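Top line first, the protein sequences correspond to chains A and B. FYI, in the numbering used here the residues of the first sequence are 1430 to 1948. FYI, in the numbering used here the residues of the second sequence are 10 to 379.
Since the hints were derived computationally from the structure, they do not count as laboratory data. Errors might be hidden in some of the hints.
Said to hold, decoys possible - Under the rule of at most 20 Å between Cα atoms (straight-line distance), these lysine to aspartate or glutamate pairs were calculated in the DMTMM-like manner:
id, chain 1, residue 1, chain 2, residue 2
1, A, K1932, B, D334
2, A, K1932, B, D65
3, A, K1866, A, D1909
4, B, K300, B, D334
5, B, K285, B, D248
6, B, K116, B, E106
7, A, K1872, A, E1887
8, A, K1872, A, D1509
9, A, K1945, A, E1887
10, B, K300, B, D239
11, A, K1945, B, E376
12, A, K1866, A, D1840
13, A, K1932, A, D1840
14, B, K366, A, D1909
15, A, K1945, A, E1930
16, A, K1932, B, E376
17, B, K366, A, E1916
None of the values given here were measured: they were computed from a predicted structure.
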Amino acid sequence: MAEIQVLSPPLDVDVDEPRSVAAVPTDSLDGGRLPRWSAVLVAVPAALLTLVMTLLGIGSRAMWNDEYATWYASTLTFSDLGRLLQHVDTVVAPYYLFMHGWIALFGDSELSLRLPSALFMAAAAALVALLGRRMFDTGSGAVAGLLFAGIPSVTRYGQEARPYAFAITFAVLSTLLLLRAVDRPSWLRWIGYGLVLVGAAMVHIVTLTILLAHAVYMWRVFRAKDDFRQLRWIAGVVIGITGGLPLAAKGSQQSGAIAWIRADGSAVANMPDKVFGSWQVALLMAGVAVLAAAFLWKRHRSLVLLLLTWAIAPPLFCYLTFPILHLFLHRYLLFTLPAWALLAGAAGYALIRFTREGTSIALSLSALTVVAGVFYVGLPALQEARRSPVLGEPDFRGAAAAVLARTHPGDGVVYTGTGRNGRRAFGFEGRDAKLPKDVLVLKTSQQLGGFGAQECTEPVTCVGETRRLWLVSATEFYMDPMIGLPETTQAFLTSAYTLTEFKNFEHVRVFVLNRKDQL
Amino acid sequence: MKYERVTRRVTGLKRYSVRIVAATLAVVVAGVAVFNAVTALPYKRGLTAVALPSSDAVFGAYLGPAAKGANGLLAWQQFSLTAAPYALDFSAGDSWESITGPEWMLKPWQRSGRRLIYSLAMFPHQPADAPAVSELRLSQCATGAFDLRWVELGRNLMGRGMARTILRPGWEFDGSWYPWAAHGRKQNYVNCFRRIVTAMRSIPGQKFQFLWNPAGGVNQFAAEEAYPGDGYVNFVGVDVYDVSWASNTYPVPAGASEADRQARSAAVWSNKLNGKSGLRFWSDFAAAHGKRLVIPEWGLSKRLDGRGGGDNPEFVANMIQFIQDPRNGVAFALYFDADSAHGDLHRLSSTTSPFPKSRDRFRRMMERVL
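Produce the complete structure using the sequences and hints provided.
Okay, here's the thing in structure tokens:
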């Protein structure tokens, strides 16, 4: 018996309870195991609910800065993209390349740009459910998947043309494959695990910090099992890290792009709110998760440690290494959400297992009340996730529509702003229309291999005789609209043009400047 | 044996039925919560931000009484680069004849075609009046003793085609400096205000509007306690001058650095904006009562006692920004472009203005204001 177990450990083994499957009936009303196809029943509701959450309104919200960047980079020619990636955003390169192909197939509407994220988010939910089923029982998996679907951030980043949904999926998948490989540590399984880690590194390098959690789990496995084949884990890790290394190395040279990230007191205090997308949901889920962890501690210590380090170690790592790496940003840490969902989803299971042997789906499903709670306290945030424009971001879509509705051939446009600049946004919003001429541009962002253009310093020659200028000013309503432009340009525009009209949008205003000498 | 099996089966079923009921309940509860959430999602159009309305605030100024003011506004328009459709004037308070709109007062405004904001003394008064006299007059007004005077004023205005005049009865009543100061007799003030409104509205064809105008800032009492009511008020007004009696503000000490001066100016502005009875308060108050906020008087100040901010371009910029911010709902704002008799200087448009830097700033900002 012992021999067999070493060769082929039971499917649901937790290293703390090597005989758990034999000794403890799980997964059923009456003690028998549920058939394999029940996995589908667990995964489908989570995936479907996530799809509903992410597809509802997926194209309604206006794009924002980072999504405009995705569109811009993914629609460049390959040579321009190559030049861009030499300077910035190398760590997102695989995503841009993927989107390049996607856009070629499905176009560049908001829906199309965001659809991959929605699909990956649904896959992540399904995998969370499967992982929960593998770790605890079918009921816990089902609940964990639904909990995940209810997190406001899952909606938000499932509707966002950025690679974060991909990162979550790879993080969950790698952990699922880790458990499978520990069950039957064949080379094939460990290599598969390693390849998924490469994927995680490719979509977002910070995702690799999940290895901290995997390491803790494997340390427990090594202690519990005299099986050298578990050391093959190291091979998998080496594959993952080697695969991700070139991106990380190149990316570290471009750290200027993330130099604005902060890790001060308020950044730390706001982190749960930002990661979950709602502090109420964060509080509820983390509270239930901690409770579940406490109840599971005795019988499932390895899994609890795996999930807790998955949830907590990455932010901690990013915080501690912040002076060097500057990676303490909520979006980079979204892949920790499944860990919270899995722990909280196991709340019902945990209560039962704490009090007695055996369990049942019906009792595990009692944790569905937590799902109800998450949807109840999270509703305002779920609505807010669909806010257009994203809170605090300029309403470039509205501004562009106002300009496009009235622009004539021969008009020019000037972009300025304090935090954002409308040039790229207008590029997207006006992609199928005729935008006014960008009069100040000396060298385009394509030529420079960056996201910004170089503007000319001699406005008199650049602007020429343009009769009407649209000034797109991403400034607050109370600011001088020309803030951000060089003094010489400001002086020229003020002397040569008269302001005749303006329109306010959220964090951006559009001004009409008419040439004075024509009056 | 058989019996035992049956009981086991029954208790077993019982046990499962409890579980099944619990599970079903949990599924239903979660299902309802999810359904409620999903159906409450704004998926069709998103929580789309409504474009902010652009400000329709109108700028203007006070340049002096009657003919002087009417002529001055022409130059002001050149200076401010904007049309000035509103005009402000003050009734002299020496007699009922002055209050009820004498020809010398009304004719220049009639000819200017501008909409007059007529600051209305609530009763005639002399500098030497004892407080008891003012108190008596205010109570007389409150009980309707002067109603016919208000009708007379209304008729005078109507007779000159000035039916759209905005009346500003008993302005700055929350201060101590006018005889209609409402401190300690708020009800009389409120009733007097209401009598004026009622009397003037009794004239057929009138289109008068009424401006209720605290001085704002910390005064003798919370001005909102003397609000006559939504039915009697068309505009809520507040006057803003760059003056301060708070410690570490004005006077700016001689030889202070520019940075120090700006810090003091910023502190004063912060109080004007967010302080007790400040601009934000009145903007919110007006909005809560469905009225537009107006700023019938605003200005820089250079005072003999040093309590004015002097040449303070930041104050000008802050005021223009506040007036332009559509969220504040300002309908019009008039710069007090005249010096007062007791050495309090405000003049801005004049080339001999004591505030040259502010004057430049005002011009530059108005070039970009529409």
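> Where does the structure disagree with the numbered hints, that is, which hint numbers, in rising order?
Replying inline: 3
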